[in-house]
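Peer 1: If you want the building blocks of each chain, they are given just below.
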Amino acid sequence: MASTVIPTLTRDGQRVTSVKPAALLLTALVAGVLFGFGLALSTMIRPDVVLGFLRFQDMGLMLVMGGGVVVSLIAYQLAPRFLTRPLLGGVFAIRAAALDRPTVVGAAIFGIGWGLCGVCPGPAIAGLGAGSYELGWAIAGIALGALLQGITTKR
Amino acid sequence: MTPAEVVVFPNGVFPHGWLQYLQGGLIIGTGVALLFVLTGMIGGMSTVFSSTWSFVVRRPFFQQPTLVGSRAWRLVYAVGLVAGAALWFMLSQQPARVAVTIPTWQLFIGGLLVGYGARLSQGCTSGHGICGLASLSRPSLVAVCTFMATAILTANVMARFLTTGG
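Read top to bottom, the protein sequences are chains F and Z. Taking this note's numbering, the leading residue of the first sequence gets 1, the next gets one more, and so forth. Taking this note's numbering, the leading residue of the second sequence gets 1001, the next gets one more, and so forth.
If you are wondering where the hints come from, they were derived from the structure by calculation, not from laboratory data. A quick note: this is a predicted structure, and the numbers were derived from the prediction, not measured. In this text, a Cβ means the ideal position worked out from N, Cα and C, and glycines have one as well. Heads up, some of the hints might be wrong.
To be verified - Sample of chain Z residues at the chain F side, in silico, Cβ under 8 Å: (1) F1036; (2) L1038; (3) I1042; (4) M1045; (5) A1086; (6) G1115; (7) S1126; (8) S1137.
Please model the entire structure based on the sequences and the hints provided.
Peer 2: Written out as structure tokens, the structure is:
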């Protein structure tokens, strides 16, 4: 995902107030709670359900992603058109990803891991809240993988 | 050990009903939308694993402004994820904790590939899958198609060799 610093300039170079740290952290907390609740309600925190989807036994995951995309699509597409800046300040970030080799190779490796364990980053973290402590092993693996990626990358 | 047979939709397309999936997806989207409309931030989940390393790893890669500048809210976002699932757990009055039956080695090795791959690709199921598609990003669409393909392939191949794991 596009990592973002708190920006102070808009695209046309106007100085804007950045989001106050307390407001940003509170918003992140509330957004995270909604995200985690949604992941748990939709059973995505259960690796067996995710693996069931990947084995064509349950199409639920498509509805989860579809529902998630539709709501965020509306926000991502409409908010920058109707608001000059985010409601709490700052600027609207643009998700920057390049269509290059690392993106495709990384996605392929990610898929192999996901197909092996049925766990991806969001559900790995959220699942802890439902008492799935075994997911700590997946979190340790993901953290180590992220460390290895950072150490071996040259960009 | 008999290899698990790959049966396509033995119990219908949505054996557990469709409502909870759609509701869950809409709530996830609401969280992502709220973060964007209020703060302009794009909240995929895999970056938190790199940005949190920036607290302890001094290498230049982990000290990039993009990681250091977002590590605080990303960590709080992750704490929110745990709290949100805990809230669901209490409200839904589960009889017991949600236990995971996937073997430890599978969780760890799978996680390792997930972490390395997601960071190399700059996105996971939420980053490319939800935020990327909602941004109408072509690289994200390619990434989603790629990881869906390799995940489906891996899960089906594994089902033939492993007796456990869902």
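Peer 1: Each hint should be assessed against the structure and marked as holding or not.
Peer 2: Tested hints:
Given hint, F1036 of chain Z at the interface with chain F, holds; its Cβ is 5 Å from that chain's nearest Cβ, closer than 8 Å. The closest approach between the C-beta of L1038 of chain Z and any C-beta of chain F is roughly 5 Å, which is under the 8 Å cut-off, so the hint is satisfied. Hint status for I1042 of chain Z: holds, given a least beta-carbon distance of 5 Å to chain F, under 8 Å. Hint status for M1045 of chain Z relative to chain F: holds, with the closest Cβ pair at about 4 Å, below 8 Å.
Among the interface hints, the one on A1086 of chain Z holds; its C-beta lies about 4 Å from the nearest C-beta in chain F, closer than the 8 Å criterion. For the restraint placing G1115 of chain Z at the interface with chain F, the shortest Cβ-Cβ distance is roughly 2 Å, inside the 8 Å limit, so the hint holds. Of the supplied interface hints, the one on S1126 of chain Z holds, with its beta-carbon coming within about 5 Å of a beta-carbon of chain F, less than 8 Å. At its closest, the beta carbon of S1137 of chain Z sits 6 Å from a beta carbon of chain F; the interface hint therefore holds under the 8 Å criterion.
Hint check: no violations occur; every hint is consistent with the structure.
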